[in-house]
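*Asks:* Listed here are the chains, written in short residue letters.
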Amino acid sequence: MPAFDQRVSDFEKANTQVLGISTDSPFSHDNWAKSVGISHYPLLSDMHRSVAKDYGVYSPEMNINSRATFIVDTTGKVRFVVKHGRGELPEPDKILAEVTKLS
Amino acid sequence: MTEQKTLNVGDQAPSFTLKTIGMKEVSLSDYRGKNVVLLFYTLDWTPG
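Residue numbers (the working numbering), protein chains in the order written: chain W, 1 to 103; chain G, 1001 to 1048.
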């Protein structure tokens, strides 16, 4: 996630907003973001797990969302989905390449 | 327990409004006209 913070300007050049989502509170996000150096894109709090369920990434076993990346286009349509395995992180270069394919 | 629906390529992205740092609200629709990368990550304070 900090890896994306360093690349936000590259995504902006591609007319793209980056959003992070987890089930943590805004207070947790605030502390964590300061700790790891995330300041260029918002971290959202899905505390009711409703967005995780809507996007099909809710893990009942842990009562949190699993790791996944979605790309939504300018019209609000899902154009790319990848679910990440345990310990796998999304790579900014790969996601940026997918974004640039859209236009 | 009901089966969790899976969101697929081509589907309309479900709208949402969530709070961010400072208790400000952010909606997906705020970014209409831009592409949006949604990074679902497991928890703060875990690797990545």
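Hint data in this document are derived by calculation from the structure and do not stem from the laboratory.
None of these values were measured; they are calculated from a predicted model.
Even for Gly, the Cβ is constructed at its ideal location relative to N, Cα and C.
There may be inaccurate statements among the hints.
Calculated pairs, DSBU-like style, for lysine-lysine (alpha carbon to alpha carbon, straight line, at most 35 angstroms) [unchecked claim]:
hint	chain 1	residue 1	chain 2	residue 2
1	W	Lys101	G	Lys1034
2	W	Lys77	W	Lys53
3	W	Lys77	G	Lys1019
4	W	Lys34	W	Lys13
5	W	Lys94	G	Lys1019
6	W	Lys77	G	Lys1024
7	G	Lys1024	W	Lys34
8	G	Lys1005	G	Lys1034
9	G	Lys1019	W	Lys34
10	G	Lys1024	W	Lys94
11	W	Lys53	G	Lys1005
12	G	Lys1005	W	Lys94
13	G	Lys1019	W	Lys101
14	W	Lys83	W	Lys53
15	W	Lys83	G	Lys1034
16	W	Lys53	G	Lys1034
Restraint-style ranges between C-beta atoms, simulated for each label pair [as the list claims (entries may be wrong)]:
hint	chain 1	residue 1	chain 2	residue 2	range
17	W	Leu102	G	Thr1046	28 to 34 angstroms
18	G	Thr1006	W	Thr75	29 to 35 angstroms
19	W	Lys13	G	Asp1030	34 to 40 angstroms
20	G	Thr1046	W	Pro60	16 to 22 angstroms
*Asks:* Regarding the pair W:Lys83 and W:Lys53, is the alpha-carbon distance no greater than 35 angstroms?
*Replies:* holds, 14 angstroms
*Asks:* May I ask you to test the hint 16 to 22 angstroms on the CB atoms belonging to G:Thr1046 and W:Pro60?
*Replies:* Distance hint for G:Thr1046, W:Pro60 holds at roughly 18 angstroms.
*Asks:* Tell me if the beta carbons of W:Leu102 and G:Thr1046 are separated by a distance inside 28 to 34 angstroms.
*Replies:* holds, 30 angstroms
*Asks:* Compare the distance between the alpha carbons of G:Lys1024 and W:Lys94 with 35 angstroms, and conclude whether the hinted pair is satisfied.
*Replies:* Distance ~30 angstroms between G:Lys1024 and W:Lys94 Cα, so the pair holds.
*Asks:* Is the distance from the Cβ of W:Lys13 to the Cβ of G:Asp1030 consistent with 34 to 40 angstroms?
*Replies:* About 19 angstroms separates the Cβ atoms of W:Lys13 and G:Asp1030, which means 34 to 40 angstroms is violated.
*Asks:* With a cut-off of 35 angstroms on the C-alpha distance, tell me whether G:Lys1019 and W:Lys34 pass.
*Replies:* This hinted pair holds, its Cα atoms lying about 17 angstroms apart.
*Asks:* Do the alpha carbons of W:Lys53 and G:Lys1005 lie within 35 angstroms of each other, as the hint requires?
*Replies:* It holds: about 8 angstroms lies between the C-alpha atoms, which stays within 35 angstroms.
*Asks:* Quickly compare the C-alpha distance for W:Lys94 and G:Lys1019 to 35 angstroms and report which way the hint goes.
*Replies:* Holds: W:Lys94 and G:Lys1019 sit about 28 angstroms apart, inside 35 angstroms.
*Asks:* W:Lys77 and G:Lys1024: Cα distance at most 35 angstroms?
*Replies:* holds, 25 angstroms
*Asks:* Is it true that the CA of G:Lys1005 sits at most 35 angstroms from the CA of G:Lys1034?
*Replies:* The given pair, whose Cα atoms are some 26 angstroms apart, holds under the 35 angstroms limit.
*Asks:* W:Lys77 and W:Lys53 were given as a pair; does the straight-line alpha-carbon distance stay at or below 35 angstroms?
*Replies:* holds, 17 angstroms
*Asks:* Hey, G:Lys1024 versus W:Lys34, does the alpha-carbon distance stay inside 35 angstroms?
*Replies:* Status holds; Cα separation ~17 angstroms.
Hints 18, 19 from the list above are not met by this structure, while the remaining hints are.
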